[in-house]
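Got chain L; can you put chain Y on it based on the hints?
So you can see what is in the structure, the chains are spelled out below.
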Amino acid sequence: MKRVLEFVGVIALFSLRVVMSAFRGPFELEEIWRQIGEMGVRSIPLVAASGLALGVVMTLHTRSTLVTFGASAMIPKLQSISFFVEIGPLVAALLVAGRVGAGIGAVLANMRATEQIDAIDALSIDSFKFLVAPRVVACVLVLPLLTTFMDFSGLIGGFLSEFAMSHLSLRLYVVRAFSGMNWSNFIPPTLKTMVFGFLIGTVSSYFGYTTNEGAEGVGRAATNSVVVSSLLIILADVILVKIIFLIYPESAI
Amino acid sequence: MNRPWETAIRLDSVSKAFGNKQVLNDVSFSVARGEALCILGRSGTGKSVTLKLVIALLKPDKGHIWIGEDDITQLKSDELSRVRRRMGFLFQSAALFDSLTLFDNLALPLRRLTDRSKSQIEETIDLVLGQVGLAGDKYKMPVELSGGMKKRAGLARALVLEPEILLVDEPSSGLDRITASEIDDLLLEQKRKYGTTMVIVTHDTHGARRVGNRLLVLDRGKLAALGSAEELEKSQSETVRRLVGEP
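If you read the sequences in order, they're chains L and Y. So the first sequence is residues 1 to 253, counted in the numbering used here. So the second sequence is residues 254 to 500, counted in the numbering used here.
No lab work stands behind these hints: they were computed from the structure. The structure displayed is predicted, hence computed values, not measured ones. Please note that the accuracy of each hint is not assured.
Residues of chain L placed beyond 12 Å of chain Y at every Cβ, according to the derived structure [to be verified]:
1) Ile32
2) Arg34
3) Leu60
4) Arg63
5) Ile117
6) Ile120
7) Leu123
8) Phe130
9) Leu191
10) Leu231
11) Ile244
So, partial list: chain Y residues that the calculated Cβ filter (under 10 Å) puts toward chain L [what the hints assert, rightly or not]:
12) Phe344
13) Ala347
14) Arg365
15) Leu420
16) Gly427
Glycine is no exception: its CB is placed at the ideal position from the N, C-alpha and C atoms.
This is chain Y alone, in the form it adopts within the complex:
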């Protein structure tokens, strides 16, 4: 068990249902500071819901979720904003604001949540877009970007406030093998350089084994396995072995 100050995220007996459908059932796990945890599982097993619960876009029906020392299930909206500022979220579809240029997509949180000057904001955006290889595209509209570029732009927006925790939903979905691998490289670099804690939901076993320190398998809303790739390969559950085994 990690000591409290070493734990970045902790879920404690979390359950969530939508109508009659129980999506998560009594799920508990923790993520250490600086660790990358990859969540695997078949479609509809509650992987994306877990991410949305961690950033409080959804509320659990039961259980507690801790971000550092804050139980976010008990926080009011202004306190929640403070906790959310420590997190970045890369959505499956990137969720770029389609009425704004790439530059304005990144500038929005900087203008509203920091007191940086115009030139400092520009400098930060140039730096972050440079990191994800989009320095020359900052005045493009989202509709002008390819799938891979959108993903990188979404990652840039998630990183622009320098979050301690990065939540990533399906970084490789809809991308070819090479582009998916480039996104994985960016995540690895972020982890190595800045020690960012990551929770990554993915179907890409190869990417999960590259980026993740540990893998977590969800099966029908329950935690089926948690451990290193090597440990999970020896699991008694066939579902776990098939999900974690190298393609």
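Extracted from the complex, chain L is given alone in its bound form:
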């Protein structure tokens, strides 16, 4: 318990330092842009493919039940609500935690082990501001975009599955999918992924930047980054869903 509390304390201090570095000029815009490309663009195939497959599987599972009750017309709506409200944000965040979080942890730990971080400091460049802050900012900005990709990929997957089973037209599928959907079903769940992005960026950077175990620490930093950020994402999701329900009661379906 003591170790957990200690960990919460150091992560909180690390997060504070991230926020202060991110908002203190000069801003590392070039590095942020490079990281957005690295994390965002390169994650699109993974997110899109996963969304598509999940969309197909979701429809296959829900179809059999809804058909029994004569409610097959509800399939597109169920699909869109599920993806926009929960599956898209959560699965996109977990995928990014796996791909990007492990990458950040391993890269920074390797830079620490090979003295590259010391070299940056020795050149009188603030290594924290140069390496950590841009990665966290990029995670925060990229995750809502990847979530949107995941949402629409899921819908496309759902449509393909439905089309194969019942030859439903795309137009009708879209009309049914978005009937009864509000902005509150899309905006707050998508924006909550900025918190997930902050958690992934901060936790992974913490494990990579602060390691002092040489080459062995690289693997450990990558593993810890994925495990701890995934766990924190799920815990944060519970709290954020509760907050969203309080602010937007109409989104509590």
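Below, chain Y alone, put in the same frame as chain L:
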């Protein structure tokens, strides 16, 4: 004793421990402006730690470290950056940024810390890479360079901001005799041409005697001897004599 303005680096009763392991214990010495001091000692005696303390990558547990007239143990981070800009550091592994080309490795500090134009930056990099014999390799990635080339590239990056003080960690480690000697030649040239103050940590006695004005021997975290090679050869300590004697 040197007058203050002639002293580039001064360590005053510096101690450093990692956990229970006392790495440096009450070490004091100074390096005059333009002097090359070579630090010798067995592995784990605190040689590299001394270098990292001088550039403030580590903080001493006790004592003071002066760079010129600045006590770096008392400085805040922005003031520390100002002092660090006067120093260059060649790491044992060269520590090149492996995601950047050699050109970008050198350009990074120039772009961020100077207001030089793009063409001036290119000119400076060409000049420095020419000095270390890597003019034709500027667009190579670090992974494409041999051990000796990496060392020279690391030296080029350490010199690109024209530092007054150059700190060098094991310049000859992992290199053959000829390549190590070439690195020593570059250090000698830097000292002669630009009067750069140097602190060099090495296991290579031959190189240390060539480049260093004075040699310093650390033994179990304590200063065991300091003086010219000839003086240290007459030391009463066998460890010192064995470390300093010509191989």
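Consistency of the hints with the structure:
1. Every C-beta of chain Y lies more than 12 Å from that of isoleucine 32 of chain L, the closest at about 15 Å, which supports listing it as non-interface.
2. Its beta-carbon lying about 9 Å from the closest one in chain Y, arginine 34 of chain L breaks the requirement of being farther than 12 Å from that chain.
3. At roughly 43 Å, the least C-beta separation between leucine 60 of chain L and chain Y is larger than 12 Å, which holds for a residue marked as non-interface.
4. Look at arginine 63 of chain L: its CB is around 47 Å from the nearest CB on chain Y, clear of 12 Å, so calling it non-interface holds up.
5. With a minimum CB-CB distance of about 9 Å to chain Y, isoleucine 117 of chain L fails to clear the 12 Å threshold, and the non-interface call is violated.
6. Once the 12 Å rule is applied to beta carbons, isoleucine 120 of chain L is inconsistent with being away from chain Y; the minimum gap is 8 Å.
7. The claim that leucine 123 of chain L is not at the interface with chain Y is violated, since a C-beta of that chain comes within 12 Å of its own (minimum 5 Å).
8. For phenylalanine 130 of chain L, the condition that its CB be more than 12 Å from all CB atoms of chain Y is violated, with the nearest at approximately 8 Å.
9. Consistency note on leucine 191 of chain L: stated as away from chain Y, and its beta-carbon is indeed over 12 Å from all of that chain's, at 31 Å minimum.
10. At the 12 Å boundary, the C-beta of leucine 231 of chain L stays outside the reach of chain Y, the nearest C-beta of that chain being 29 Å off.
11. Non-interface status of isoleucine 244 of chain L relative to chain Y is upheld: no Cβ of that chain comes within 12 Å, the nearest being about 38 Å off.
12. For phenylalanine 344 of chain Y, the interface hint holds, the least distance from its beta-carbon to any beta-carbon of chain L being 5 Å, beneath 10 Å.
13. Against a cut-off of 10 Å between C-beta atoms, the interface hint on alanine 347 of chain Y holds, since the closest Cβ of chain L lies about 9 Å away.
14. Checking arginine 365 of chain Y against chain L by beta carbon gives a least distance of about 6 Å; that is within 10 Å, so the hint holds.
15. Checking leucine 420 of chain Y against chain L by beta carbon gives a least distance of about 8 Å; that is within 10 Å, so the hint holds.
16. Look at glycine 427 of chain Y: its Cβ only gets to about 14 Å from chain L, farther than 10 Å, so that hint breaks.
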